[in-house]
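So the chains spell out like this:
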Amino acid sequence: MGSYQEANARERLQQLFDPNSFEEFLPPSQRVVSPHLGQLNAPVAFDDGVAVGRAKLGGITVYTAAQEGGFMGGAVGEVHGAKLVGLLRRAVRDHVAAVVLLVESGGVRLHEANAGLIAVSEVMRALLDVRAAGIPVVVLVGGSNGAFGGMGIVSRCANVVVMSEEGRLAMSGPEVIETASGVEEFDSRDRALVWRTNGGKHRYLMGDCQRIVADDIAAFREAAREALAALAGHQAELTLETLEAEQQMLDERITRFGALPDPVDIWSAMHIADAANIPMLDVDSFIAAAGQHRLGV
Amino acid sequence: METLNYRFEQGTQRLKAAPHVVGVVGSGNLEVLIEPADLGGACTIEITTAAVGFGPIWEAVMRDFHQRWLLADTRISINDMGATPAVVSLRMDQAVQTMLGGS
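First to last, the sequence lines map onto chains G and S. Going left to right, the first sequence walks through residues 2 to 298 as our numbering numbers them. Going left to right, the second sequence walks through residues 1048 to 1150 as our numbering numbers them.
Hints are computed from structural coordinates only; laboratory data are not their basis. Keep in mind that the hints are not guaranteed to be accurate.
[Unchecked claim] Here are the computed distance ranges between Cβ atoms for each label pair:
1. G/E7 - S/R1061: 27 to 37 Å
2. G/E223 - S/M1048: 35 to 45 Å
3. S/A1107 - G/N42: 38 to 48 Å
4. G/E238 - S/L1086: 36 to 46 Å
5. G/E242 - S/L1051: 54 to 64 Å
6. G/I255 - S/L1051: 47 to 57 Å
7. S/A1065 - G/K57: 28 to 38 Å
8. S/A1065 - G/E223: 37 to 47 Å
9. G/E253 - S/G1129: 25 to 35 Å
10. G/A246 - S/M1048: 45 to 55 Å
11. S/L1137 - G/Q40: 54 to 64 Å
12. S/N1052 - G/Q40: 38 to 48 Å
For every residue, glycine included, the Cβ atom is placed at its ideal position computed from N, Cα and C.
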């Protein structure tokens, strides 16, 4: 097995699920491309940057989507979003066992403006409808474009988020923050700072993702299987109690850590031994060091 | 954007597999969609490229490709974002090899 980060969306689908089990809905040969990009004289992709379909994970049929970070940073346009929404609605209709989303996206495709924004909000609603139908959703984040903007929000709507350290999850991306608030606020060229802040380890410690794995497709596969097994028999729906507990966790987080300038300061405040060395740890040592210190569920 | 169309006759090799796409429409890269199609024995190639004005080079690269594989009844569609000729050739060979059962 190889690097999850370096694989493209279709390679991930082939290698993460049971061999040859991925069956695509709306494949590239149907040429359902963006109606907007052509008008802007910009290149299109035959799948509009996302492959959707069904696949087997350890013999269990799940519905899945993989965003292609190489095409416009995985950004969500009208067709791209509609494919995600269609997949999620079909998951409800077909009472599928689970949905596994391979998210890699900078968020809304700005070329498509309001159509892209509406698409992302529809994806969120459709994902919550899937959960309300009792179907668990697992999101995997390990691509070099991370999960930002609307797709960062979509990811956090899932039951479980699995990340690698190399994966990133946030609302505004580093360059957006730097542009809006200045380099003193966030230096987007400081790669160590960016990954310390948005990367999988900090997200795991903050409770924003539930599992962290090495950058390896087999490790993501195993984590997705374990997550689905652990979710079996539990309520998949997002309840008011869960939302209130999440809100309380976020309130406590901002109270405890809101004034601290760097994730290392936060890790120290969490009483993690040798906090400055956290970015150097391999994933097993990191999970051991995180131990009972991490927040969230 | 520029659209280029080529049609080659006298191919002998027909592909049996289902349509397949390789590559990604990213900077310096391209996607190649390859499909069996009833084209009266021809191999057609439609290219949509972000790099305008390179028709003669595309034509040479496509001619070489056709001579390598001599495909018949095959439709190839390309979305290109400024890939170099070497990358184009490699991707197209990858597409054919995938159809022939390689990886």
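(message) Against the range 38 to 48 Å, how does the distance between the Cβ atoms of S/A1107 and G/N42 compare: consistent or not?
(response) 25 Å, violated
- Regarding G/E7 and S/R1061, is the given constraint of 27 to 37 Å on their beta-carbon distance met? 34 Å, holds
Using the Cβ atoms, figure out if G/E253 sits within 25 to 35 Å of S/G1129.
-> 49 Å, violated
Measuring from beta carbon to beta carbon, are S/A1065 and G/E223 in 37 to 47 Å? 30 Å, violated
Measuring from beta carbon to beta carbon, are S/A1065 and G/K57 in 28 to 38 Å? Taking Cβ atoms as reference, S/A1065 and G/K57 lie about 19 Å apart, which means the hint is violated.
- Query: Is the hinted range of 54 to 64 Å satisfied by the C-beta distance from S/L1137 to G/Q40?
  - Reply: About 31 Å separates the Cβ atoms of S/L1137 and G/Q40, which means 54 to 64 Å is violated.
Range agreement (Cβ of S/M1048 with Cβ of G/A246, hint 45 to 55 Å) | 51 Å, holds
Inset, instruction - With 38 to 48 Å as the target window, see if S/N1052 and G/Q40 comply at their CB atoms. - result: 21 Å, violated
ask   = Do G/E223 and S/M1048 keep their Cβ atoms within the hinted range of 35 to 45 Å?
value = Holds - the Cβ-Cβ distance for G/E223 and S/M1048, about 43 Å, lies within 35 to 45 Å.
Does the beta carbon distance between G/E238 and S/L1086 stay inside 36 to 46 Å, or does it fall outside?
Since G/E238 and S/L1086 have Cβ atoms about 52 Å apart, the given range 36 to 46 Å is violated.
Just tell me: holds or violated, for the beta carbon distance of G/I255 and S/L1051 against 47 to 57 Å?
56 Å, holds
Verdict for G/E242, S/L1051 (Cβ pair) under range 54 to 64 Å: 59 Å, holds
Violation of the numbered hints given earlier is confined to hints 3, 4, 7, 8, 9, 11 and 12; the remaining hints are satisfied by the structure.
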